[in-house]
Each structure stands twice: as structure tokens, then as C-alpha cells.
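**Student:** These protein sequences, in sequence, are chains A and B. Residue numbering for the first sequence follows this note's numbering, beginning at 1 and increasing consecutively. Residue numbering for the second sequence follows this note's numbering, beginning at 1001 and increasing consecutively.
Do not take every clue at face value.
Derived SDA-like pairs (lysine to any residue); straight-line CA-CA distance at most 20 angstroms [stated by the list, open to error]: (1) B/K1143 / A/Q610; (2) A/K568 / B/S1226; (3) A/K96 / B/K1228; (4) B/K1291 / A/N590; (5) B/K1037 / A/Q97; (6) A/K96 / B/M1001; (7) B/K1228 / A/P631; (8) B/K1143 / A/E561; (9) B/K1291 / A/G691; (10) A/K96 / B/I1040; (11) A/K157 / A/P399; (12) B/K1228 / A/Q681; (13) B/K1228 / A/E561; (14) A/K96 / B/R1123; (15) B/K1037 / B/L1125; (16) B/K1037 / A/N590; (17) A/K6 / A/G542; (18) B/K1228 / A/S674; (19) B/K1044 / A/L100; (20) B/K1228 / A/R569; (21) A/K6 / A/V630; (22) A/K96 / B/S1226; (23) A/K107 / B/M1001; (24) A/K568 / B/K1228; (25) A/K118 / B/R1176; (26) A/K96 / B/L1033; (27) B/K1228 / A/N590; (28) B/K1143 / A/S609; (29) B/K1228 / A/K6; (30) A/K107 / B/Y1039; (31) B/K1143 / A/T673; (32) B/K1037 / A/N618.
Think of the hints as simulated: they come from the structure by calculation, not from any bench.
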Amino acid sequence: MSGWPKNPKQLGKEHLRFDGPVKVSGSARYASDMQPVGWLYGMILRSPWPAARIRAIDLRPALSLPGIRAAVTANDAPFTIRYCGEELAAVAGLSKQACLDALIAIKVDADLLPFVVKEEAALRDTSPRVFENQPNAAEPREMQTGEVDAAFRTADKTVEGFFQTQVQLHHCLETHGNTVQVTPNEITCWASTQGISSVRDGLADNISMPLDKVHVMSEFMGGGFGSKFGPGIEGGLAARLSKEAGGVPVRLMLTRFDEALAVGNRPSSFQKVRLGAKNDGTLVAYELETFGTAGYASGGATAGGGGGAGFPAPYIYRIPSTRVRQTTVAINAGSARAMRAPGHPQASFGMESIMDEMALALGMDPVELRIKNDPSEIRRQQYQIAAERFGWNAKHHSPASSEGPVKSGTGCAGATWGGAGRGSEAEVRINPDGTVEVRCGTQDLGTGTKTLIAIVAAEIFALEPAAISVRIGDTTFPPSGGSGGSTTAASVAPAVFDACQNALADLALASGMSDPTGSNWRSATARLRINPIVARGRWKEGLSSRGVGGVQMAEVEVDTETGFVRVKRIVCVQDCGLVVNRLASVSQINGGIILGIGFALYEERILDSQTGVVLNPNFETYKLPGAADVPELDVILQDMPERGVIGIGEPVTIPTAAAIANAVSNAIGKRVTSLPITPSQILGLLEKLPGIRSKSGTS
Amino acid sequence: MQNFEYAIARSVDGAIELSTSESRFLAGGIDLLGEMKEYITSPKRVIDLKLIPDLDRIDTSTSTWKIGANVTIAEIARNERIRATLPGLAEAASEVGSPQIRNVATLGGNLAQHSRCWYYRHRDLRCLKRGGSTCYAREGENKYHSLFSGNPCISPIVSNLAIILAALNARVNVRRGDKDVTLTIGELYSDAWNNPLDHTSLLPGDLIVHVEIPTQKNRSTYLQVSEKGDFDWALVSCAAAGRNSEDEWADISVFLGAVAPIPYRVESPLLESGKLSREAIESIAGSIAAKATPLAHNGYKVPIAQALVRRALTRIVS
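Chain A on its own, in the form it takes in the complex:
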């Protein structure tokens, strides 16, 4: 049982985020807003070539330009470039235009090398190698349970498919970057980061400065999605520029163009899958062979757990006999980084697609097939809750059976995630005037962490959340972890709870009042005279837990004459342990679903085989869902307060694309096999492309 109050006044209620007004009014200061005295712009020169041997870089023409104060190379020449956009050099100057002019002036002497940017091509032995002395394809990772071939022979029905997912970019609205000042004695950094501590470690290492001399702050930041843990190469370059320029601050924020090239992505996947089941729907055998790319390297120095292109299989299902073989193939493109639920959306799309194929083969309802095979009791309940809310039984029809050229369809999919808490600390200060300050060395990814901290403190002290001052995003505060893996809420809330409990005990002692909370607060704190109460707390067991499910159902309309897909409605049922802020939780879920819609229908990094460049390094052709593309989102939070706090940032984006793909397949009666689902793919599936004749009658 959890140690949280049984009848909370603040926990689980709807709270507006405190920093809403400063954010929408523009007075919140992000790393990209920092203008410390004497600051310089910093900019990076990136390789226009996908593969090259850099013989020499001449910075002198840049340094001789007016307004330029420093220039550094990314590496000591000679060195090798392995993707378009890799860092060559950086400059710092008085204006953005001075830096732009300087980047053009830098002379780079390079020998161009052969390159490969498409996964299938990179697999061929005859293709150029990304690294000279190793093949592009890594050794496959193989896993087997049971006797797979024998199990397939016992199956009554076998279905197979080939599914592809694209490379998706993080495209945080605030680009990557830092404002860094390096003096002989200390480093000060304002970072756009989801891990102030890891930025501190990275910078200390980069400039060889002891940790106690490195101070990193991030009061506000504009999104990370897994791509903003370390200082990045850009942070290291900014620090070197600052040092080179005599210790003045350098603000080096990447451009939108840079964001498409060099700061991470979700790996692609190509999945050949086979599934066997008994006539009653029991899954008996599964086989998967995959490859995908995580760019030139699987992760990279600041990747924060990007890993390769593998993913969990057979995802959320338990099948007695499975054989899985996964390979990551290198191409001349920017490296992957962890991206909101790394591996899971790809896993979900392939697995849930083949599940729907199996349901069709068996003549079974897709929800029924899932309930039959899903080992999670929570998710089995969620399918029932979702089906009722969605009206699944009334809405779900056989494939392509709706009237007219615009076909409707329904689909579903499930997810799993951890979301556990871990060792965060926090400090509470109760001042004699009754004011309360909470300090925690975490950072707010945009999820409302400050508000969450205030809600927890207000609950313990029986005060209003607005009465709590919350300070985060500073490495001089009690340490907390990076905001990744959906761990922030489950780490920070227990630490704040513990600190508040300790502070309350101290206040009771100091004031001589057995219950100093609520209406007694002012009289209790008044007895403190000069010294405030300062108490520390740390994360401990019993206030958080791990492991969530999550189920989504999608309703779509597909125009079979134009291929245009419109998502009409998504129903999401998500278990979430103890809800701290109901409004922020639902808002975070909405965001996760919208990201999933982007993955399903719009987003794709497009590389050119002839030149190796990213063709869509902007929001014009790298398409993100806009307001017009967001359907009715119906979120049901499945409260389980007895489990304590669990993070839900990631599970909520996992099943969206699979549910939409299944709904589209149901609408048109053809299996969607790749993401994003564009008009081109729909019309191709419907055999409406010129030159493609209907296959009926020939097979």
C-alpha cells in the first residue's frame, strides 16, 4: 500500500500549470533567451557531404571578418565525415549575420567518399561502407524460445507480413543548444536539457574542469523527447568558443535545419513477421526478422540510450514459441537517440498489424483476439473499458464494408511501459513568514514538473499549491535524475513528499504544535523567529511503482478516391497509478497521441540517394500534425492510487499509430504495410496507381 494520503485535497485534482502565464506571455526565459553580459552568437559549420575525408580546415578567413571573436574546428584534421550535417567547425561573433558570413568564409579541403543512405542498399556487400573496417550490418541479435518450426506445424492458421516504419525526428520546438561561459575558474551554462546533471558531467569532461566548478541551469526548456541529455557536440563547441573568445558567454542554439540532421531520431524498421494460432485464437508460434537503421552509429556519445534499431518482440504478447532475429544497419545519416518510448511504436505497429491479420484469418473480433492472448490483466480490462466508451461492437465492421467512396474503419492496439521512480532528492525550506520553498535539481521537460512539486507540498502542509515556491533546474539544488524513461514524476514526487514530511516533523518540534498544517500554519511558522526549517528528503519505496499498460482505439475515414485519411476519434485508456495533476496528465496524454498521429500519417525524414542530403529539413515538408489534424481525443485515466506515482509520458504515444493503421486497413480492406500512411500508399494499396493492374483473377 502506498504512503500517500487516503483522502487527498490536492492530489489527483485538476490544477492549471503555474508557469502557463509566463510561458504564453513570453517572459519565461529559456536557454535560447539568455543574454548574459557580453554574450556572442555561436554557429556551426556542417558538412554538406555525406562522406568525406577532411584534409584541412582553414579558419583564418572567418577570423579576419568583422565581428568574429572565435573559431574552432570540430576535430583536428585529418578526420572522416560520415553524414551530411556532421560538425566541421564553429564560430562565435557579435551577430548572427557575422556568424553566417564567417561560416561561408571557412575553407574546407576534403576528399569526397562514396556513401549509402538507404537501408536496403547498405545491406548489400557491394555498397560503400560507413566505417571502412566493418560491414554496415551489425551481427544479428537472435533469440529463440520453444520449438518454433514444430509450433508452426501445430498452428491452424498462419499469417505473415512485411512492415516498415520510417525514421522519425524529435524536432523539439526549442532547438538543441546552450548558453555557455567558460572562464579559467568555472563554467556557467544555461542549457535546454532534460538532464542538467548530465550536461554538467559532459561539460566538465569536455573542458577538464572539476565538477564543483561547473554550474548548469535550465529553468525552462522547450521539449526533449529523449534527445537532450548531454551537452551535445554543440555544447562542447560552445564551451570551446567561449574559452577561445576570452571567457565571454556564447549562445549556440541549433537551427531548424540542424535539428533534422544531427541531434537524433527514431530508427527505422523493416519487419518480416509470421504468426501462428489455433482456431480458438490461441497464439502458438511467432517468427520475426528485422533490420533498420540508427544512422551512422547506434546512439553516439550523447545519445542517452538510443541503442540500435532493435525493439521488443512479440511486444506485449506471450507466445510459447518465438524466434526473433534483429539487425541494425549503418547508413551515412545522423545518429539515432532515445525517442519517446524507444523501440515501442515500431514494435507495436508490426505486432498489432499482424494480430489484426490473424483476427481476419480466424474470423475473430480483433479485441476478442487481444483479450484472449494478452497476459496483462490491466490491459484486458482496458480493452473492455475502451470498447464500451468507443462503441466498438456497434462500430467495428468487416473490412471495406462501409458505403460510398469515403470508408470508415476502426482499429485498436495496446502498449506497455515502466515509468518507475528512482533516487531523486529534494529540499524544503519553511520560512518564519509562512512561505515555503521547494528545491529540486530536476528539470521540467514541459510536462508541468514545477506544478507537480507544488501540489505534493501543498497536500502535505494543507496549503494551496499557489503558496509554494518551487525552484528547479539548477545543479546546486539537491540532485535528481535526468528526465527520461517516464521517471520524473515518480522520482520527484516521493522525494518532495519525504522532504515535506521531514520538514513538518521539524516544524512540529520547533513550534510545539502537534499539527502545524493548514489553519495552524501561520501561527506555527511565526514561532520560528529567525531560522527557517530546512529539511531534505529522498525518493523511497512505497510511494511510486512501475509498469503500466494502455490501450487505444481509433476511428478513421479514408477517401478511397484521393487517399486522404482523417482520424475522427481516439479513445485512450491509460492506467497511471496515483494521479498527481489530472489536467496535466490528460494534457500529456493528448500530446503523446498527437505525436503518434504524426508517426502514423505525416512524419518521415527523407534522404536522397544521389546526394545524401536530408531533403526535408524544415516544417514545410517534414510534416507535423496541425490543429486541423487532431481528432476528438477521449482520455480515460484508470486511477490506481494504491500503486503510487507512475510516469506515463511514453506509453501514451506507443499504440496510436498501430491503432490508426489497423483502422485504415479495416476501412479499405487492404493491409497498411508502412508508415507514414500517405495518400500515395492508400492509392497504391487500392491498386489505383497507373501501370498497376488489378491482380484479381490472375492469382
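Given chain A's structure and the hints, the job is docking chain B onto it.
**Tutor:** Frame of chain A; chain B shown alone:
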């Protein structure tokens, strides 16, 4: 971007006087500034047209309406007279960009805008249209490219307004030196069909002054399909317009956008007959496929074009 001189024109004559072989005109700036920031174009002088009086007027006093080159797309989309008399024009305007873009972008700029081909727009590439030797799109990523072209460049026209104005038989009044030149929409773009370096037939220093639209075609419509629901370029667009009195139809024309470097005219003897039965419409739409030369990734534009022709014609005759 490169340094440039900034000049303000107070009259059409003044703008022409200020122009040189290395100057560009600035109205809304949506297209020009983007190209300058990407170093695609680096004019020595930028001539601001926004203070020229009367260029932002819509004159409906005669049966041929005149819309000034500085009229914003937003104004065209919301103007009550345009919505009532030339609904297709208002529909095309309302699909341009986003509200922010429509508030700034102008009619002249929309017609004169340059290619959006992602090879042409890429800072690190020099494609055929940029004076290089190769159209990368032909063998490369061409899902947004043309089904029809008269030259090796296959970047399509993306101006929504050009497509509907072609269907409405509009003419573009251009100041060329000391002469006023009137071009049909076909003439405004014919060089882009023939020459990979051209986006329009405008010569350096040409200034679009206004567009003349005859209002005899009392039925018009514009439709487009994009990947996203809003704020996205058309994959294919279609405009249809005609003159209807009682059951008589005349002068029906249909144009497609984003499938050729020019507004692509759908030609059919059935259109001239003025008898548009369901079968006739089907046959007109079906005729597109035989003429198109799809590439590896843009074949899907053919069925979209057919659907839009069918829907646009059905909409104006019903």
C-alpha cells in the same frame, strides 16, 4: 543572407526606375525572403512595393474586375463580392498557407513565387533549376513532382491562385519597362514549361500590377488534396469554371495544379459541348491518365487528379 540595398517605391513608375538587372521586388516577402535567407537568390537591391498607392485595391466597377498585385491573399479569401461572384477564387485563396501567411502574402507574390522543389530549395545542392546540370528529382525523390513537363525540370507550379485564375480566363497586367503588357495565365507561365531555369515568363524588372478577371463565368470552384488537413501544399489541385444561364453551359475550363510547371489544362471535346452528364464527366476525368508520364513516386497524383476533376465538374454543374 547577403547584404542588399533597400529601396522604397512610391509608384509603379518609381519601382521600374529603381529596378536593375540585379534587383528584386518585395511585397509580402514570404517567398523572396526565404530564398534570400537560403542564399538561393542574393539581389543587390530589394525594392519594397508596399507603399505604392492603389495596388491594394479591388475594383469591381466594370464586368472585368481588377485586383491589385498588393491585395493580400486573406483579403481575396474573405472579400464578400469575390465570394459571391468568383467563389473558386476565394476557395483557392483560403487554402494558401496559414492565416499568418495569408495576412502578409500578396496576389502578385503568389503568382510570381518560385519552385518549392526540395532539391531546388536545398542550400547544399545546385540542381538544374539553380543552374546546375541535373534534375535530381527525375531519378530521386519525386513524390511532389510533375506528371507533365516540357523540359527536364519537373518541379510543379504551386500557386493556388494561378490555377483558378487560369480557369477564369484572367489576364495579368505587367509593367515591362515603359510598356504595359497583358499576359494570359498561360503566357505568364509558358517559359516555365519550356525552360528549366524559369519559374514564370516574367523578365527581370517585370512588375505585376494587377490581375483582370472577367466575371462572365458565374460558376467556379477550386479543390485540393494535401497530406495534412490544413497549412499544407496541394499534392494536386483543380479549378473549374464556366458560364451558366438556365440549362445552357458555355466556356467551361478545367485546370490542374501541382502536376506540371504550368496550370495544366484538361482538354476534352466534351467540355466544349457544354453537356456535362455524369458519363461525360467520368470520361473527361479518365482522359488524364493516358497523357501523364508518372515517375517512380508520383503516380498517385493521377487518380487524385481524376477524382478532383470529377468532383470539381460535378460541383459546378450541380
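**Student:** Are the Cα atoms of A/K568 and B/S1226 separated by 20 angstroms or less?
**Tutor:** With a Cα-Cα distance of about 17 angstroms, the restraint between A/K568 and B/S1226 holds, given a limit of 20 angstroms.
**Student:** Would the pair B/K1143 and A/E561 pass a check requiring their Cα atoms to be no farther apart than 20 angstroms?
**Tutor:** With Cα atoms ~18 angstroms apart, B/K1143 and A/E561 stay inside 20 angstroms; holds.
**Student:** Does the structure keep A/K157 and A/P399 at a Cα separation of 20 angstroms or less?
**Tutor:** 19 angstroms, holds
**Student:** Run the distance test for B/K1228 versus A/N590: straight-line Cα separation, threshold 20 angstroms.
**Tutor:** With a Cα-Cα distance of about 19 angstroms, the restraint between B/K1228 and A/N590 holds, given a limit of 20 angstroms.
**Student:** Checking one constraint from the list: CA of B/K1291 to CA of A/G691, max 20 angstroms. Satisfied?
**Tutor:** 13 angstroms, holds
**Student:** Check whether the Cα positions of B/K1228 and A/E561 lie no farther apart than 20 angstroms.
**Tutor:** Roughly 16 angstroms between the alpha carbons, so the hint for B/K1228 and A/E561 holds.
**Student:** What's the verdict on B/K1228 and A/K6, does the C-alpha distance respect the 20 angstroms limit or exceed it?
**Tutor:** 47 angstroms, violated
**Student:** Holds or violated: are the alpha carbons of B/K1037 and B/L1125 at most 20 angstroms from each other?
**Tutor:** 15 angstroms, holds
**Student:** Is the hinted pair A/K107 and B/Y1039 satisfied, with a Cα-Cα distance of at most 20 angstroms?
**Tutor:** Holds, at roughly 18 angstroms.
**Student:** Does B/K1143 pair with A/S609 here, judged by a C-alpha cut-off of 20 angstroms?
**Tutor:** Given that 20 angstroms is the threshold and the Cα spacing comes to 14 angstroms, the pair holds.
**Student:** For the pair supplied as a hint, A/K96 and B/S1226, confirm whether the alpha-carbon distance does not exceed 20 angstroms.
**Tutor:** Not OK: A/K96 and B/S1226 at ~35 angstroms, beyond 20 angstroms, violated.
**Student:** Given the hinted pair B/K1037 and A/Q97, is their alpha-carbon gap at most 20 angstroms?
**Tutor:** Satisfied, since the Cα-Cα distance of roughly 10 angstroms is no more than 20 angstroms.
Going through the hint list in order, the structure does not satisfy hints 3, 4, 16, 21, 22, 25, 29.
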